[in-house]
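Chemist: For reference, the chains in residue letters:
There are 2 protein chains.
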Amino acid sequence: MAEEVKLFKTWSSPFPLRVAWALQLKGIQYESVLEDLSNKSNLLLQYNPVYKKVPVLLHNGRPISESLIILEYVDETWKQYSLLPRDPYARAMARFWAKFGDDKVLPSIYAAFKSEGKEQEAALAEASEHLQKLEEELKGKKFFGGDNIGYLDIALGWLANLGVFEEVSSLRVLDVERFPLLCAWLKEFSDAPVIKDCWPPRDMLIAKFIARHQARHAKSSST
Amino acid sequence: MAEEVKLFKTWSSPFPLRVAWALQLKGIQYESVLEDLSNKSNLLLQYNPVYKKVPVLLHNGRPISESLIILEYVDETWKQYSLLPRDPYARAMARFWAKFGDDKVLPSIYAAFKSEGKEQEAALAEASEHLQKLEEELKGKKFFGGDNIGYLDIALGWLANLGVFEEVSSLRVLDVERFPLLCAWLKEFSDAPVIKDCWPPRDMLIAKFIARHQARHAKSSST
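Respectively, the protein sequence lines represent chains Y and H. Per the numbering used here, residue 487 is the first one in the first sequence, and the count goes up by one each step. Per the numbering used here, residue 487 is the first one in the second sequence, and the count goes up by one each step.
Hints are computed from structural coordinates only; laboratory data are not their basis. Check the hints yourself; a few may be wrong.
It does not matter which identical chain is meant; a pair holds if it fits inside one copy or across any two.
[Said to hold, decoys possible] Distance condition first, Cα-Cα at most 30 Å in a straight line; then the derived DSS-like pairs of lysine-lysine: (1) Lys604 to Lys625; (2) Lys705 to Lys585; (3) Lys619 to Lys538; (4) Lys705 to Lys619; (5) Lys627 to Lys512; (6) Lys625 to Lys590.
Produce the entire structure from the sequences given, and follow the hints as far as they go.
Modeler: Have a look at this one:
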C-alpha cells in the first residue's frame, strides 16, 4: 500500500521548506497542500490545533507539527540519507545550533529588518554577534553537517532567504568579508539541486517583501 | 576508566533537575557542581558561552547545554531505561508537548504569578487553557510516558514546584476539580523515590519565593 505523505505549507514560508528539503533528500514522494494563512483550512486547524501553523506533516493519517520536531520524525521514520549524525555528541551539537538559530539568530535579524536608526544598529550588532558563532561552527567544513547537507544545514537554510531581504531593504547582514564561510556555505547550499528545486520563485518573494516593507514604512510615517 | 559526568546546576533551578532525574533513572553516577548565578564560575562561562546558564552536562570533558537537548543526549548515550518511547510518532508527540511546556505553559504560569488584577486573570486563563491540553494528554495513562516516568514527565516535572508558588502567592493554578489527571500525575511523579531524592528542600524554596514575592510587591507599591 502506498504511504500517505502530505505537507501542509505556504508558498513562501521557510519553515515548511525544512520539511520539503528533508523529504527530497530522502527521496520520499509527498503531496503539497498549500495553505493561505489569512484563511486557514479546517484541516490545518484540525491537525495543528495548538499552534495553527504550517508546517504540518501528515503521515498515514497522523499529523506532526513544529518543523524541527518533524525533521527528527522524518529522520527516524525513513532511515536512508541520515540527517542527524550518528554520534550522540555531534547530534547534541546539531540540535543546539538549530535551536540557537530559531531562538537567537532569527529574531535578531528580523528585528534588524523591521526597525530603523539606533534600534536597527543595535539589532544588527546582535545579529552579527550571533552569526559570528555560526561562522566559527563552519571552520574546516563544507556544510554544517560535514561533507553533506544535514539537519543543521536544513534548520539554518532560511538564511539563504537573506539575499531577498537585503535586496528589498538595502540592509547588509551577511557581509562576505566578515562572514566568508557562511557566505560560501550559503551559496553551496542554495545551489544544491535538491535545495534549489524547493525554493519559492525569487521574483514573487521580492514582490512580497517589497509590499511588506512599504506597508511598514507607510505605517511608521503616518504615526 | 571511570567516566567523568558532572552536572552544573543551582540548588533551586528546575531545569538542571531534568538532567539529574534522567541520570538517576538511568543509574548514572555523577558529580554535582553548584553554581551561584549572581557570580557565575569561569567554568560555566567556558562550557556554555552562548547562554551562560545551567544546566551544563560535562561528559568526559565535553559540555552539553539546554536541558531538553541534554535529555536526548543522555538517552542516546546510556541506553538502559529509555526516556523517549521507541516509536517515531510517539517520540514526536513527547517532543511536541515538552516544547509546548517550555514555550507556552511555563511563560503563562510565570506571567500569572508575577502580575496582578486583570493582567493576572488573563494570564491565569491562558495558563488554564494550556494545562487543559496537558490534562487531555494524560487520559488513560499513569504517566505521560505510559506506565513509567519518561522524557515528557521529566520535561514537565517543574509543574511539581507549583505547590510552592501557590503557597507563597495564594494563587490557585492547578485546581484538582478542573485538572484531576494532572494533579494525580503530579503526586505520583513527585512521590517516586528517584524524583523525590533530587528535589530541593521545600522550606528553602518557600523562603526563596517569599523573598522574591515580597521584593516584587515592594517594587510595585513604590512606583
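Chemist: Give a verdict on every hint.
Modeler: Going down the list of hints, with the structure as the test:
1. Neither within a single protomer nor between protomers do Lys604 and Lys625 lie at most 30 Å apart by alpha-carbon distance, with minima of 32 Å and 52 Å respectively.
2. Proximity of Lys705 and Lys585 under a CA criterion of 30 Å is satisfied in neither setting, with 32 Å inside one chain copy and 35 Å between copies.
3. Taking the shortest alpha-carbon separations for Lys619 and Lys538, only the inter-copy value of 14 Å comes in at or below 30 Å, while the best intra-copy value is 32 Å.
4. Within a single copy, Lys705 and Lys619 get their C-alpha atoms no closer than 35 Å, and across copies no closer than 38 Å, so neither meets the 30 Å cut-off.
5. For a Cα distance limit of 30 Å, the shortest separation of Lys627 from Lys512 inside one copy, 22 Å, qualifies, whereas the shortest one across copies, 35 Å, does not.
6. In this assembly of identical chains, the alpha carbons of Lys625 and Lys590 lie at most 30 Å apart only when taken from the same copy (21 Å versus 36 Å across copies).
Consistency note: the structure conflicts with the earlier hints numbered 1, 2, 4.
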